[in-house]
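Undergrad: Residue numbers (this note's numbering), protein chains in the order written: chain A, 1 to 112; chain B, 1 to 115.
Fair warning: there could be bad hints in the mix.
Under the rule of at most 25 Å between Cα atoms (straight-line distance), these lysine-lysine pairs were calculated in the DSS-like manner [unchecked claim]:
(1) A:Lys26 / B:Lys9
(2) A:Lys37 / A:Lys59
(3) B:Lys9 / A:Lys37
(4) A:Lys50 / A:Lys26
With the C-beta cut set under 8 Å, the calculated list includes, among others, these residues of chain B facing chain A [to be verified]:
(5) Gly3
(6) Phe64
(7) Phe69
(8) Phe90
(9) Glu103
(10) Leu104
(11) Gly107
(12) Glu108
(13) Thr113
Calculated from the structure, these hints are not laboratory results. Keep in mind that this is a model prediction, so the values were computed, not measured. Every residue, glycine too, gets a C-beta built ideally from N, C-alpha and C.
Now for the letters of each chain:
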Amino acid sequence: QQPVQSPQAVILREGEDAVINCSSSKALYSVHWYRQKHGEAPVFLMILLKGGEQMRHEKISASFNEKKQQSSLYLTASQLSYSGTYFCGTGHRDNYGQNFVFGPGTRLSVLP
Amino acid sequence: DSGVTQTPKHLITATGQRVTLRCSPRSGDLSVYWYQQSLDQGLQFLIQYYNGEERAKGNILERFSAQQFPDLHSELNLSSLELGDSALYFCASSADGSRGTGELFFGEGSRLTVL
């Protein structure tokens with residue numbers, strides 16, 4: 001079951017903040033966040049595990065609400081380099097070897 | 001450099017043909033995932049192997065097949081190719097075999113164009 005991401009796209013000015021949300025209809029064991037620039041491979045940002053702490057990657061942080069089966073990615077004081085498509089990926093605890101699926105992506109554009 | 005190697009980087013072929021995409025995972029990683037990404041679309045999960053065995057299967061067409069060899073490299077075979085199969089095919093590897101607790105390292109992808 002593919003997770004849902006919102007919004008589909010965001011346009012920001014440099015220095016502004018943004019939040020990207022990811023939710024699943026199934027119980028989550030882990031949530032990953034990746035960023036992909038056009039024509040390149042996705043790059044790992046962070047992973048959040050059930051019972052784990054909020055994670056940070058530079059000025060990007062994320063939270064994981066196990067009860068709501070949601071995760072949010074917070075981009076603070078965005079930089080031009082943050083532009084790209086952000087994917088959340090979900091792992092589920094009820095299936096050993098569950099296919100690790102990604103959401104449809106959120107396209108982030110940071111303008112000068 | 002993620003440590004995951006995919007070949008070929010680009011492939012142009014005709015409808016009805018068959019191609020094989022190859023992936024060498026990062027040293028020590030036992031899991032290999034295959035994803036298909038059509039133009040400006042998301043990452044569609046195809047299949048996962050762990051230490052030589054199929055671990056999970058996504059929306060993989062019957063015309064597609066994959067395997068992981070004893071040296072852990074993997075191949076994705078695409079046959080009876082159609083125009084709609086044109087896409088970027090990514091391989092990713094992970095040390096983890098289940099539940100998605102390990103970071104995925106992506107190769108640079110193999111861009112397939114079917115004419």
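Undergrad: Each hint: holds or not?
TA: Okay, the hints, checked on the actual structure:
{"no.": "1", "hint": "A:Lys26 / B:Lys9", "verdict": "violated (36 Å)"}
{"no.": "2", "hint": "A:Lys37 / A:Lys59", "verdict": "holds (18 Å)"}
{"no.": "3", "hint": "B:Lys9 / A:Lys37", "verdict": "holds (17 Å)"}
{"no.": "4", "hint": "A:Lys50 / A:Lys26", "verdict": "holds (13 Å)"}
{"no.": "5", "hint": "Gly3", "verdict": "violated (12 Å)"}
{"no.": "6", "hint": "Phe64", "verdict": "violated (15 Å)"}
{"no.": "7", "hint": "Phe69", "verdict": "violated (19 Å)"}
{"no.": "8", "hint": "Phe90", "verdict": "holds (6 Å)"}
{"no.": "9", "hint": "Glu103", "verdict": "holds (5 Å)"}
{"no.": "10", "hint": "Leu104", "verdict": "holds (7 Å)"}
{"no.": "11", "hint": "Gly107", "verdict": "holds (6 Å)"}
{"no.": "12", "hint": "Glu108", "verdict": "holds (5 Å)"}
{"no.": "13", "hint": "Thr113", "verdict": "violated (14 Å)"}
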